[in-house]
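S.K.: Please put together the full structure from these sequences, using the hints given.
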Amino acid sequence: MQSVPLEFYLIVSAILFTIGTVGVLTRRNAIVVFMSIELMLNSVNLTFVAFSAFMGDAAGQIFVFFIMAIAAGEATIGLAIVLALFRNKQTVYVDEANMLKG
Amino acid sequence: MSLLYFFFGVLSILAIASAIVTIASRNPVRSAFALIFHFFMLAGLYLTLNAQFIAVIQILVYAGAIMVLVVFVIMLLNLSDEERLTERFDFRRAIAIAFGVIFVIQISIAVFLPTTINFNIHKESAKIGTAQFIGKVLFSDYLVPFEIVGILLISAIIGAIVLAKRKVD
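Top line first, the protein sequences correspond to chains S and E.
Under our numbering, the residue at position 49 of the first sequence is numbered 49, and the numbers go up by one with no gaps.
Under our numbering, the residue at position 13 of the second sequence is numbered 13, and the numbers go up by one with no gaps.
Rather than coming from a laboratory, the hints here were simulated on the basis of the structure.
Treat the hints loosely; a few may be bogus.
[To be verified] Subject to a maximum C-alpha distance of 27 angstroms in a straight line, what follows is the list of computed DSSO-like cross-link-like pairs (lysine-lysine): (1) K101/S <-> K89/S; (2) K165/E <-> K89/S; (3) K165/E <-> K101/S; (4) K123/E <-> K136/E.
M.R.: Set out below in C-alpha cells:
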C-alpha cells in the first residue's frame with residue numbers, strides 16, 4: 001500500500017516540537033506556556049502514530065492513548081496552579097511569579 | 001496516492017501555521033482557538049495514517065475537554081492583551097531560537113540520511129487503527145497500565161480541587 005513516506009511525518013513532528021519548545025522558553029503568559037506544552041505532547045503523539053502505522057504495531061497507538069490521559073491530568077493540575085497563582089499574585093506572567101526567590 | 005500527498009501537505013502546512021499563531025499571538029483567546037484548529041488538523045493527519053480511533057479521541061479529549069478548560073480559565077481570569085510578549089531576558093529568547101534551529105537541522109540530517117530500509121505504510125494498519133483492535137489490546141496486554149491511569153486521573157482531580165479551593169480559615 002502506497003503512502004506518504006515516514007520521513008515527512010517525522011519532519012512535521014520535529015517542526016511542531018520545535019515550535020512548542022520556543023513557545024515554552026519565550027512566552028510570559030503561563031496559559032500560553034501551558035498550551036505550548038500541549039503542542040510538544042501532540043508532536044510526540046504524531047511520531048508515535050506514524051511509527052505505529054508504518055511498523056504495523058498497535059503499541060504506539062496505545063501509548064498515544066495513555067499520553068492523552070496524562071495530558072488531561074496535567075491540564076487540570078496546571079490550570080489549578082494558574083488559578084492559585086492568579087488568586088495570590090493577580091498575575092499569570094511567569095516572570096512576576098518570584099515568591100520563592102531568595 | 002497523489003491525493004494522499006495533497007491531503008498530507010495541506011494538513012501539515014495548516015497544522016504548522018496554526019501552531020505558530022498559537023505561540024505568537026498577543027491575545028490568549030486567539031492562541032487557544034488556533035490551538036483547537038491545530039488539534040483538528042492533527043486529527044486529519046492521524047486519519048491519513050489509518051488511525052481512526054486516535055483521531056476521534058484526539059478531537060474528543062483535546063478539542064472537547066482540555067481546550068474547553070483552557071478557554072474557561074482564560075475567560076475566568078479576564079486577561080487583557082500582553083503589552084510585552086516575551087520575558088525580559090533577551091538572551092533566553094536567543095537560546096530558544098538557536099536551540100530550535102539546531103534541532104531542526106539535526107532531525108533533517110538524521111532523517112534524510114540514505115537508508116536501505118524502504119518503509120511503506122504497513123498493510124495491516126487499517127485494521128490496527130479501529131476501536132475494536134485497540135480495545136482488545138488495551139484490555140488484555142495493557143490492562144494494568146490502564147487501571148493505573150484511572151488512579152492517576154483521580155489523584156489529578158483531587159489535586160486540582162485542593163489547589164483551586166478558596167482558603168476558608
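S.K.: Could you tell me which of the hints above the structure violates, numbers in ascending order?
M.R.: none
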